[in-house]
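Student: Okay, here's what each chain looks like letter by letter:
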Amino acid sequence: MIKQTQLAGFSRRRFLGWTALVSAAVAVPARVWAWARPEAAFVATGIDEALAGLGGTPTVHEAIQFTTPDIAENGAVVPIRIEVDSAALPNVSKVSVLVEMNPNPMAAVFDIAPDTEVYIETRVKVAQTCNLYAVVEADGQLYMQSRETKVTLGGCGG
Amino acid sequence: MTRTWVWIVAVLAMPALSGDGIFDEYRDLMGDDNPAIFVIDEGEALWFEPQGPLAVSLEDCDLGLGAGVTEGAYARFPRYFEDAKTVMDVESRLLHCMETLQGRDRNALLIKPYSLRGDLGTELEALVTWLAAESEGAVIAPEQTHASERAMYALGEEIFFYRAGPHDFSCATCHEQSNMRIRLQALPNLTDHGDAAATFGSWPAYRISEGLVRTMGWRLQDCFRQQRWPGLKLGSEVSIALQTYMAVNAAGGVMAAPGLKR
Amino acid sequence: MSSRIKIRAQHADGITEVKALMRHPMETGMRKDQAGESIPAHFITEVAVFHGERPVMQGYWGAAVSANPFLGVRFKGGEAGDIVKVTWLDNQGGTGEGETAIR
Chain D
0 MIKQTQLAGF
10 SRRRFLGWTA
20 LVSAAVAVPA
30 RVWAWARPEA
40 AFVATGIDEA
50 LAGLGGTPTV
60 HEAIQFTTPD
70 IAENGAVVPI
80 RIEVDSAALP
90 NVSKVSVLVE
100 MNPNPMAAVF
110 DIAPDTEVYI
120 ETRVKVAQTC
130 NLYAVVEADG
140 QLYMQSRETK
150 VTLGGCGG
Chain F
0 MTRTWVWIVA
10 VLAMPALSGD
20 GIFDEYRDLM
30 GDDNPAIFVI
40 DEGEALWFEP
50 QGPLAVSLED
60 CDLGLGAGVT
70 EGAYARFPRY
80 FEDAKTVMDV
90 ESRLLHCMET
100 LQGRDRNALL
110 IKPYSLRGDL
120 GTELEALVTW
130 LAAESEGAVI
140 APEQTHASER
150 AMYALGEEIF
160 FYRAGPHDFS
170 CATCHEQSNM
180 RIRLQALPNL
190 TDHGDAAATF
200 GSWPAYRISE
210 GLVRTMGWRL
220 QDCFRQQRWP
230 GLKLGSEVSI
240 ALQTYMAVNA
250 AGGVMAAPGL
260 KR
Chain V
0 MSSRIKIRAQ
10 HADGITEVKA
20 LMRHPMETGM
30 RKDQAGESIP
40 AHFITEVAVF
50 HGERPVMQGY
60 WGAAVSANPF
70 LGVRFKGGEA
80 GDIVKVTWLD
90 NQGGTGEGET
100 AIR
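Residue numbers (numbering that gives the first Met the number 0), protein chains in the order written: chain D, 0 to 157; chain F, 0 to 261; chain V, 0 to 102.
One or more of the hints may lead you astray.
[Claimed, not checked] Straight-line C-alpha distance at most 27 Å; calculated DSSO-like pairs for lysine-lysine:
| hint | chain 1 | residue 1 | chain 2 | residue 2 |
| --- | --- | --- | --- | --- |
| 1 | F | 232 | V | 31 |
| 2 | D | 93 | V | 75 |
| 3 | V | 31 | D | 149 |
[Stated by the list, open to error] Among the chain F residues that face chain V by a calculated CB cut under 8 Å, a handful are:
| hint | residue |
| --- | --- |
| 4 | 32 |
| 5 | 34 |
| 6 | 36 |
| 7 | 37 |
| 8 | 115 |
| 9 | 116 |
| 10 | 117 |
| 11 | 119 |
| 12 | 210 |
For the record, the hints were derived by calculation from the structure and aren't laboratory data.
Cβ coordinates follow ideal geometry from the N, Cα and C atoms, glycine included.
Throw the hints in and build the complete structure from the sequences for me.
Tutor: Printed below as a string of structure tokens:
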């Protein structure tokens, strides 16, 4: 018997809260603060190079709660969550996501405004089973957590 | 809402696959956020868009419940249509309406009904997605009152167990037993009502591996490819027969589409 | 025309949670289509979330963010009826914008 969660449908009506009011004029988003895209990090092809592009070598910090699935049904979409306990690690200004064995490990970097919780959920591509990294910057220092996510092959293939 | 309760009861009534749940953590983290919601909107827009030489929309298309009635219609397919004198699945019925209402050329429509790699979705995929959403929570109840409909079920059952092709595969080779899997992909037992209902009720589905919504018709086509069988034509008797077989086995279950799949 | 961003925002216990789904292929530039032709890179490079006029988060993305991207953020405060806005810019100059009221 197949577990319903594996084949769960999506309820558009039951699902509360999806609304989208499209503005009449779609504007190019304004650069809200002076912060350039860390291009070197994004084009780096190795994890060490990518981390260097962020500004250094991070040290592990327990206040970073990094949630990734142990095993992903498909590597095209791997959901992740990064939370930081602000009491234990205050002044986090940036959160980055890296995937070690991707052609370019740097996936995303988020600049967090004050009074924003340090909480990011997103979905990334993971090319093959490897370590994922959550790197945060606080007061000029880099900290991280890493977790391995296994990427599976499903179905008949071919 | 009655429909919501039907869905909740259907979910609770289904026993979990013991020993499975390997992707539970993954599914939990994914949550309810299915990109198929965009495709639903796209399908709805296409339904109301005047197209073809006759420049009319599909609003007068009769999906079995009366012209223009879309709510609950998907759950009653495949079914016999008097105006076409044949049993149709939802895709062939849409093509019929595109031809007869909009004056569009069937052959042109059949050139590329389904997305290829790199595409963002086709008109047919979007329409089927919206129609499935219009049947969300509806009881799966394919019509079996007409002799042709019952004959379709019998034919579908025969094909389901028919071994052919270089690997001597039948559908039953993979889909007749419970609790089986290919690599880490669970295989539904389509002869079992519970599995058939969960399966039939969750297509069309957003396929994570493709970034697209795929239909049941496409899924069967891809099965045929994987079995190394001859190509399955959209709207062919074989395709409709197999869909009828699955839908009838699923009857009584609840539609929960568009789903989210690998 | 359907929105290219679907957003929901709910507040509880002094925190507003925002979830957004964006319609975008997030093409890496490394894939080939069925005919063997390279599919050009097409992905969101910048995304921002606003509470009213105040930016709460800005992100730079690479092509490794999944297709039809999902983004969840939280911020302190927010009242029912406040507007939350999400905007994006991609590498081909395309843009997307959507907003919703906090529930």
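Student: Mind listing which of the numbered hints don't hold for this structure, in increasing order?
Tutor: none
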